[in-house]
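Enquirer: Sequences listed follow chains D and P, in order.
Each residue of the first sequence is one higher than the last, beginning at 1 in the working numbering.
Each residue of the second sequence is one higher than the last, beginning at 1001 in the working numbering.
Keep in mind the hints are simulated off the structure, nothing from the lab.
Because the structure is a prediction, the values reported are computed rather than measured.
By construction, the Cβ of each residue, glycine as well, lies at the ideal position given by its N, Cα and C atoms.
Errors might be hidden in some of the hints.
To be verified - In the EDC-like style, the derived pairs of lysine to aspartate or glutamate whose C-alpha atoms are separated by at most 16 Å in a straight line are:
id, chain 1, residue 1, chain 2, residue 2
1, P, Lys1072, D, Glu114
2, P, Lys1119, P, Glu1154
3, P, Lys1072, D, Asp292
To be verified - Derived DEER-like restraints, expressed as beta-carbon distance ranges:
id, chain 1, residue 1, chain 2, residue 2, range
4, P, Ala1149, D, Ile281, 26 to 34 Å
5, P, Ser1175, D, Ile281, 25 to 33 Å
6, D, Leu261, P, Asn1176, 33 to 41 Å
7, D, Thr214, P, Pro1063, 56 to 64 Å
8, D, Leu261, P, Ser1175, 45 to 53 Å
9, P, Leu1183, D, Ile280, 51 to 59 Å
10, P, Ser1030, D, Ile281, 43 to 51 Å
11, P, Arg1100, D, Thr294, 44 to 52 Å
Unchecked claim - Output of the computed footprint for chain P on chain D, the stretches with three or more beta carbons under 8 Å from beta carbons of chain P:
id, segment
12, 65-71
13, 170-179
14, 224-234
15, 253-261
16, 276-284
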Amino acid sequence: MGILEVYLPIAGISLDVVGLLLLGAAVGFLSGVLGVGGGFLLTPLLIFIGVPSPVAVASSANQLVGASLTGALAYWRRGGVDFLMGVLMLAGGLAGSAAGVWLFALLRRSGQIELVISLSYAALLAVLGTLMLIESSGAWLRRRRPGGQRHKLHQHNWLHGLPLKLRFRRSKLYISALLPILLGFLVGVLSAVMGVGGGFITVPAMIYLLGMPTAMVPGTSLFQIIFVTAAVTILQAVANNTVDVVLALILLLGGVIGAQLGSRWGAKLRGEELRALLAIILLAVAAKLVFDLTARPAFPFSIAPVEP
Amino acid sequence: MIRCCALILALLILPAAARAEQPLLADLTSHLIAITTGFTGTSVVLFGATDGPGDIIIVVRGPERDVVVRQKRHLAGIWINAHTVEFTGVPSYYAVFSNRALDRIAPAGMQALHQIGIKNIRLDPRDPNRPADEIATFRTALLDEERRAGVWSERPDSVSFLGDRLFRATIAFPSNVPTGTYLVEVLLLREGNVISGQTTPLVVSEIGLNADLGEFALGNPWLYGILAVAGASLLGWLASLAFREA
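Just chain D, with the same shape it has in the complex (with noise of 0.2 Å):
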């Protein structure tokens, strides 16, 4: 038990300020260190310390939209966000999230929204964690990269032949207004199903897929995630009553600084086996997922209030 515990007014349970600090700082430390936003580590982390899944996702969301906040103004700054990209995106993203809060609320009331959390989590890790471990390994023994793999991604004549043209300036791309949309929509119903803001999706979809300039990506990616968490969190409060803004505020702060310093130390520490290590972290995590959803449960049988 805790020294400092505040009570959870949504998740309903008494947990230790400094650990919510603390795991908010680690979390953060390693997005500023490899820029990745960490909701996907975040929330399995709160349903192992005894936080409810569909509190965890949502309270996860509500952190995102401050820690992508800070992030985007960053970038913003240097001129790195492509807005007609970033709103465009928004706008599935909006539909997107209400697809996704909607689904979360029917699997709720059947009783399976904590196997859907855990079973897109193990997915979604093991996938994640596969291939960080390859490419940084890779990496780290200077192997010569596959160089087939960008031309496989880039499907020139296909997304070239889609409709509804646009000019985009800042990323110097003339492509169809259907990209980012529907990139956009598939990170919504993510963000709302699994309270993560979907950056590890989007960024390469971005390169690989929009074939947008490098610089302009991340802070591009951030701007639609502010939004989109923005969304996921008001649509959350509404139809589930699970988000924890006591929760999403202490994760947050702690976050914040985490991510100072991981920008600041990441610059001096080696990035492959750093992401070797992240990879490992996810790997382990999925692992744990998934026996627990293998291994017999110690108790069969659950109970929960009926919701009116």
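Start from chain D and add chain P according to the hints.
Expert: For chain P alone, kept in the frame of chain D given last:
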């Protein structure tokens, strides 16, 4: 300190009252449990007097609600909530305190009549047409889960007598205690029969900033959501300013 003095005073006065005519008189040191920001569970002392030797059973029941019991089944390699039974009017908190084992105080029939003991709590399935063995299995599971969550408990030997007539018990509430109006029923038994009973209300309520937040979140979810976003944005913006200076 004040509470302690009140207790001593009450214990001095109570026997006189009991001697007058009441076979049983009891009260709580507090009728309100306030769940505040730092709430990690609390306890309330129940004290009282009888008109002579006997057994004391205290039954504390929290507000009732409907509960769904889900059973995990092994499907396609993973454990999935597959089977459910709903029960209505389930007490959200239930605790029995007594001066010795319940079975030594009263026969099973008397315990069942007064719903004394976890196994005697009345639980009605929402759909009474479900097979009886299924209802029985889920009923047992519900009892186990409530006990495991610490909100249902049986505590024999938790009522202590001071002499023949004065008694006291400490009623402990865990940090996950449900809010609402509780009923504290004190029973005096002799040779297995209920001689006298007294019921006292007890209110468990969230107070302070967090209670207001919880209530606000339910009552005005749109504004709550918008303010949650505004709070996070403000903190994010301040952080951005603070670290730009540095």
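Enquirer: Against this structure, judge whether each hint is valid.
Expert: Evaluated hints:
no.	hint	verdict
1	P:Lys1072 <-> D:Glu114	holds, 12 Å
2	P:Lys1119 <-> P:Glu1154	holds, 10 Å
3	P:Lys1072 <-> D:Asp292	holds, 12 Å
4	P:Ala1149 <-> D:Ile281: 26 to 34 Å	holds, 31 Å
5	P:Ser1175 <-> D:Ile281: 25 to 33 Å	holds, 30 Å
6	D:Leu261 <-> P:Asn1176: 33 to 41 Å	holds, 35 Å
7	D:Thr214 <-> P:Pro1063: 56 to 64 Å	holds, 58 Å
8	D:Leu261 <-> P:Ser1175: 45 to 53 Å	violated, 33 Å
9	P:Leu1183 <-> D:Ile280: 51 to 59 Å	holds, 54 Å
10	P:Ser1030 <-> D:Ile281: 43 to 51 Å	holds, 47 Å
11	P:Arg1100 <-> D:Thr294: 44 to 52 Å	holds, 46 Å
12	65-71	holds (count 6)
13	170-179	violated (count 0)
14	224-234	holds (count 4)
15	253-261	holds (count 4)
16	276-284	violated (count 0)
Hint compliance for this structure: hints 8, 13 and 16 are not met, and every other hint is.
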